[in-house]
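Participant: Work out the full structure, taking the sequences as your base and the hints as a guide.
Number of protein chains: 4
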Amino acid sequence: MKIAFIGLGNMGAPMARNLIKAGHALNLFDLNQAVLKELAELGGSISGSPRDAATGAELVITMLPAAAHVRSVWLGEDGVLAGIGQGVPAVDCSTIDPQTIRDVAAAAAKQGVAVADAPVSGGTGGAQAGTLTFMVGASADLFATLQPVLAQMGRNIVRCGDVGTGQIAKICNNLLLGISMVGVSEAMALGDALGIDTQVLAGIINSSTGRCWSSDTYNPWPGVIETAPSSRGYTGGFGADLMLKDLGLATEAARQAHQPVILGAVAQQLYQSMSQRGEGGKDFSAIINSYRKPK
Amino acid sequence: MKIAFIGLGNMGAPMARNLIKAGHALNLFDLNQAVLKELAELGGSISGSPRDAATGAELVITMLPAAAHVRSVWLGEDGVLAGIGQGVPAVDCSTIDPQTIRDVAAAAAKQGVAVADAPVSGGTGGAQAGTLTFMVGASADLFATLQPVLAQMGRNIVRCGDVGTGQIAKICNNLLLGISMVGVSEAMALGDALGIDTQVLAGIINSSTGRCWSSDTYNPWPGVIETAPSSRGYTGGFGADLMLKDLGLATEAARQAHQPVILGAVAQQLYQSMSQRGEGGKDFSAIINSYRKPK
Amino acid sequence: MKIAFIGLGNMGAPMARNLIKAGHALNLFDLNQAVLKELAELGGSISGSPRDAATGAELVITMLPAAAHVRSVWLGEDGVLAGIGQGVPAVDCSTIDPQTIRDVAAAAAKQGVAVADAPVSGGTGGAQAGTLTFMVGASADLFATLQPVLAQMGRNIVRCGDVGTGQIAKICNNLLLGISMVGVSEAMALGDALGIDTQVLAGIINSSTGRCWSSDTYNPWPGVIETAPSSRGYTGGFGADLMLKDLGLATEAARQAHQPVILGAVAQQLYQSMSQRGEGGKDFSAIINSYRKPK
Amino acid sequence: MKIAFIGLGNMGAPMARNLIKAGHALNLFDLNQAVLKELAELGGSISGSPRDAATGAELVITMLPAAAHVRSVWLGEDGVLAGIGQGVPAVDCSTIDPQTIRDVAAAAAKQGVAVADAPVSGGTGGAQAGTLTFMVGASADLFATLQPVLAQMGRNIVRCGDVGTGQIAKICNNLLLGISMVGVSEAMALGDALGIDTQVLAGIINSSTGRCWSSDTYNPWPGVIETAPSSRGYTGGFGADLMLKDLGLATEAARQAHQPVILGAVAQQLYQSMSQRGEGGKDFSAIINSYRKPK
Chain A
162 MKIAFIGLGN
172 MGAPMARNLI
182 KAGHALNLFD
192 LNQAVLKELA
202 ELGGSISGSP
212 RDAATGAELV
222 ITMLPAAAHV
232 RSVWLGEDGV
242 LAGIGQGVPA
252 VDCSTIDPQT
262 IRDVAAAAAK
272 QGVAVADAPV
282 SGGTGGAQAG
292 TLTFMVGASA
302 DLFATLQPVL
312 AQMGRNIVRC
322 GDVGTGQIAK
332 ICNNLLLGIS
342 MVGVSEAMAL
352 GDALGIDTQV
362 LAGIINSSTG
372 RCWSSDTYNP
382 WPGVIETAPS
392 SRGYTGGFGA
402 DLMLKDLGLA
412 TEAARQAHQP
422 VILGAVAQQL
432 YQSMSQRGEG
442 GKDFSAIINS
452 YRKPK
Chain B
162 MKIAFIGLGN
172 MGAPMARNLI
182 KAGHALNLFD
192 LNQAVLKELA
202 ELGGSISGSP
212 RDAATGAELV
222 ITMLPAAAHV
232 RSVWLGEDGV
242 LAGIGQGVPA
252 VDCSTIDPQT
262 IRDVAAAAAK
272 QGVAVADAPV
282 SGGTGGAQAG
292 TLTFMVGASA
302 DLFATLQPVL
312 AQMGRNIVRC
322 GDVGTGQIAK
332 ICNNLLLGIS
342 MVGVSEAMAL
352 GDALGIDTQV
362 LAGIINSSTG
372 RCWSSDTYNP
382 WPGVIETAPS
392 SRGYTGGFGA
402 DLMLKDLGLA
412 TEAARQAHQP
422 VILGAVAQQL
432 YQSMSQRGEG
442 GKDFSAIINS
452 YRKPK
Chain C
162 MKIAFIGLGN
172 MGAPMARNLI
182 KAGHALNLFD
192 LNQAVLKELA
202 ELGGSISGSP
212 RDAATGAELV
222 ITMLPAAAHV
232 RSVWLGEDGV
242 LAGIGQGVPA
252 VDCSTIDPQT
262 IRDVAAAAAK
272 QGVAVADAPV
282 SGGTGGAQAG
292 TLTFMVGASA
302 DLFATLQPVL
312 AQMGRNIVRC
322 GDVGTGQIAK
332 ICNNLLLGIS
342 MVGVSEAMAL
352 GDALGIDTQV
362 LAGIINSSTG
372 RCWSSDTYNP
382 WPGVIETAPS
392 SRGYTGGFGA
402 DLMLKDLGLA
412 TEAARQAHQP
422 VILGAVAQQL
432 YQSMSQRGEG
442 GKDFSAIINS
452 YRKPK
Chain D
162 MKIAFIGLGN
172 MGAPMARNLI
182 KAGHALNLFD
192 LNQAVLKELA
202 ELGGSISGSP
212 RDAATGAELV
222 ITMLPAAAHV
232 RSVWLGEDGV
242 LAGIGQGVPA
252 VDCSTIDPQT
262 IRDVAAAAAK
272 QGVAVADAPV
282 SGGTGGAQAG
292 TLTFMVGASA
302 DLFATLQPVL
312 AQMGRNIVRC
322 GDVGTGQIAK
332 ICNNLLLGIS
342 MVGVSEAMAL
352 GDALGIDTQV
362 LAGIINSSTG
372 RCWSSDTYNP
382 WPGVIETAPS
392 SRGYTGGFGA
402 DLMLKDLGLA
412 TEAARQAHQP
422 VILGAVAQQL
432 YQSMSQRGEG
442 GKDFSAIINS
452 YRKPK
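Residue numbers (our numbering), protein chains in the order written: chain A, 162 to 456; chain B, 162 to 456; chain C, 162 to 456; chain D, 162 to 456.
Quick caveat, the hints were computed from the structure, so don't treat them as lab data.
Here the structure is a predicted model, which is why all the values come from computation and not from measurement.
Some hints could be false.
You can't tell identical chains apart in this list, so a pair holds if it fits in one copy or across any two.
Each computed DSBU-like pair below joins lysine-lysine, with the alpha-carbon atoms no more than 35 Å apart [what the hints assert, rightly or not]: (1) K406 <-> K163; (2) K406 <-> K271; (3) K454 <-> K182; (4) K271 <-> K454; (5) K454 <-> K406; (6) K456 <-> K406; (7) K198 <-> K454.
Facilitator: Encoded structure:
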């Protein structure tokens, strides 16, 4: 299948690599020439613009850092919509606000193109291993078309509803995740300060009503979960600055929807403080250090 | 076994009933004559004071509403310590602050009595069915002695460490629970406001990193979990005023330990607002209504 | 003086009226034909676009609802910059984010036009009475040029620094105002709940360290300050939805500057809750009702 | 006048000294022998217990660190009520919760003694200079009796209502003060991050609606107010740990009154974090450092 793939960063490059391995012919576009060259050696062909990449493609995929890039890559003069053929399926895998992708989809619909949103979770590790989760906002028909290709880059391909709902699912989940991690940090740090063994406390929480992914799989207290970033110096996980970006999307979407999100707004500011102290590159579970007495 | 059981409220009465059924002889004390009479008819004998109940007992159990009652029942002139024999095991099942039970245990130790704390979770339903969880703070020896009796009132009997750690485990778990429920409420209400189906959203969260007991077992959105209080008008679960009490214990213990608990403090105030509006008797998951547009 | 005035809403219309009264010749533009007609009858002349209004003017003033309008009115095909003459002074009085006006000023500078920002405080009453405060971001030279004209619409004309600093001053002040009003509300409601007379409490606060404008001039408790909106049913002041807009600007500017604003973020969500309950049209001091037991 | 003065710490000692200077005969009690000796040399006489000090006194004054001390000094076996004569006026100047002083006053009333509360503001500097503010909770008669003596230790003697209202006034004022200082810190730090001169920003706030004591008299940004602790390294003012104590009293009184205080609870936790980092001895305005990028 002839696929345009635009945006070859830390996530996009390994995703494109998996599609090449699966036998697809890729039209590649990115501003980074080094990564283009590297992927071209694996068999992809380099395009001069999103428009060129989309021209003649049977499917268009984009994976970009933020809403401004999505707008320009899709709607710009040399953008995807200037090249894509009528009826060609298209999907944006960026994590952005729901409104932007709905705007892009509305513009595309005018020329007979259906666009889906399909933000991912699973990080760069999941992108390389092809085990990402895709949260897809698309009509049932478009989902059916996209599903087999997405499955070559990921393990769980979930339809969330119509276009935009992929973003909504992701930001709502990550809003809760950001809150839960702070909650677990407060509970573990309080338990330690009051004198209970943290391993014992985690065990009780994990078999009780406080149980959550942030406690039983990714506990922020070092040593509780051997495979968690907290047990290796808060490296190699989901960076606090990425959590901050997602909480920013959540609170901004909430603002536009006139919806209060009190704990979410506080959690955002706490990660912001952590980032301001120069720790935004650490795993987000290092937020627990905001609660522990400095040694 | 001759057991003194003091405090026969909504939790204590069914617990005592289970011990009578298991064949123990109970010395009962409470200020409520009606419940005393009822339990006496099942075979218990009525005592005139905590001191009388404790005198000659082989084990003392108390289940009281708050720290002030614990202090007076144990340390008062006619209290347990005035009657209990040296070496008799004793356990307080109330949910109170860790410091009070440590003070009681220290006073008891001076007369050769070891006291454990063993707050429970599971509610009145669990008390009746004998399926409570006991979080026990006790020496290994005392735990070994208490375990068989507690197992006649509950299903999970967990040792958390020395005296006081049962309370610590409970308040840390419930601190996290209180936060998680608000977090799930914000995520579900935001998703709904942005236009995703709430059943779909819950499904995605529950198989992703936002997964938690408040979402997958006790989801606050009506209809998501058929067995949750949210699906029956927020009745019959864990009342918001009880959550408020536990968050009060957590933030007060944090204050004494010089430990910040930011989201916990905000969550406490949100349940307080709910209670002030007259909804403290509803299940605590009704906090989601603070986030939903009134109809 | 020939002045282009663009944006004739609740604030812009009375401001333009004051300039006409002061003897200036106005080129008027707005989408609302009724208000154009009304002002034309006072002596202004109607333009067909921002571009037309700016053409030949000796000064350009805009007063618009949000950043998107500012961008399109200034930078659009038929925008101000397409018509304005080189060296003509210009000022935007809208309340928007600092970055947008800096972008507009940078674009204008390329064609030899200096743009100032001058957001106002004082509300529609101040606009009518000509008693507004202007917080001006402009070079010293441009400020000197603008000052006499702004003084025909306002009483305090304050230079805050270079372009953008007017917005910064306004959003920082209003961030603090939004927080202070919630703080006063919490203090007054707590005092009342604990049993002190609220008039006495306000008197003590106002002569002590809690003293602030939200307490001594605009107290949210009805009857404490006879001239405050709280004493007339929370009508006719600064609407909660306007405060919500300004707090949204503040937290978004903070996000872009990687700066935490914890209480500000919480306050924003509290006004959001008030607005969600349908009370966004009331004066922002009605936030105190979120803290008072419903009758 | 024969006055019993109990509690001679950092505040009590200079207050007692001022009464001795004014010509009163003092019965002194404290656990600290050094300060007793020092004051005895000025002319006071040392008592062996609060009871002894109160015996024969024409007025009793206490100034103690916390509620537990107040209870034991007044209600203990060797306490004030065991020695005080019927009809002798009495006043506690400690800063504690309103309920404790109401309990003490109720006990005293049974033996014909009227007790007032009169917490102070003004710090150790005000205590030495005799310029304290006394917030008095007392009947009009008792206030009239106490006023001349309090005026020998302070400048503003304000009646707040009946017993307990002095404490209420103080904790409500300090709740607002704690919030305001955080609010000013957020506004100043945000302004600085966005690029406005902080001196200019403070000037605008102080002549606008953000105006408050924390900004115009005690601004946390170094150099804005020359006489503020921020301009001398955050030394010599009102320590963060004292603010933390008062916010603890406020949120605990709110809890007992079933009254939410959301920003107050967050502010308490922020000062708690500051204290946990080892900065509780600095002036409370140093909370601004939690918002500034570390250098």
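Participant: Hints first: check each against the structure and report whether it holds.
Facilitator: Hint check results:
In this assembly of identical chains, K406 and K163 lie within 35 Å of each other by CA distance solely inside one copy; the values are 33 Å within and 47 Å between copies. Both within a single protomer and between protomers do K406 and K271 lie at most 35 Å apart by alpha-carbon distance, with minima of 31 Å and 33 Å respectively. Proximity of K454 to K182 under the C-alpha cut-off of 35 Å is found in neither arrangement, the shortest distances being 49 Å within a copy and 46 Å between copies. In the homo-oligomer, the alpha carbons of K271 and K454 lie at most 35 Å apart only across protomers (34 Å), although the nearest pairing inside one protomer, at 58 Å, exceeds that limit.
Proximity of K454 and K406 under a CA criterion of 35 Å is satisfied in both settings, with 27 Å inside one chain copy and 19 Å between copies. For a Cα distance limit of 35 Å, the shortest separation of K456 from K406 qualifies both inside one copy, at 30 Å, and across copies, at 24 Å. Taking identical chains as interchangeable, the C-alpha atoms of K198 and K454 are never at most 35 Å apart, the minima being 49 Å within one chain and 40 Å between chains.
Violated hints for the displayed structure, listed by number in ascending order: 3 and 7.
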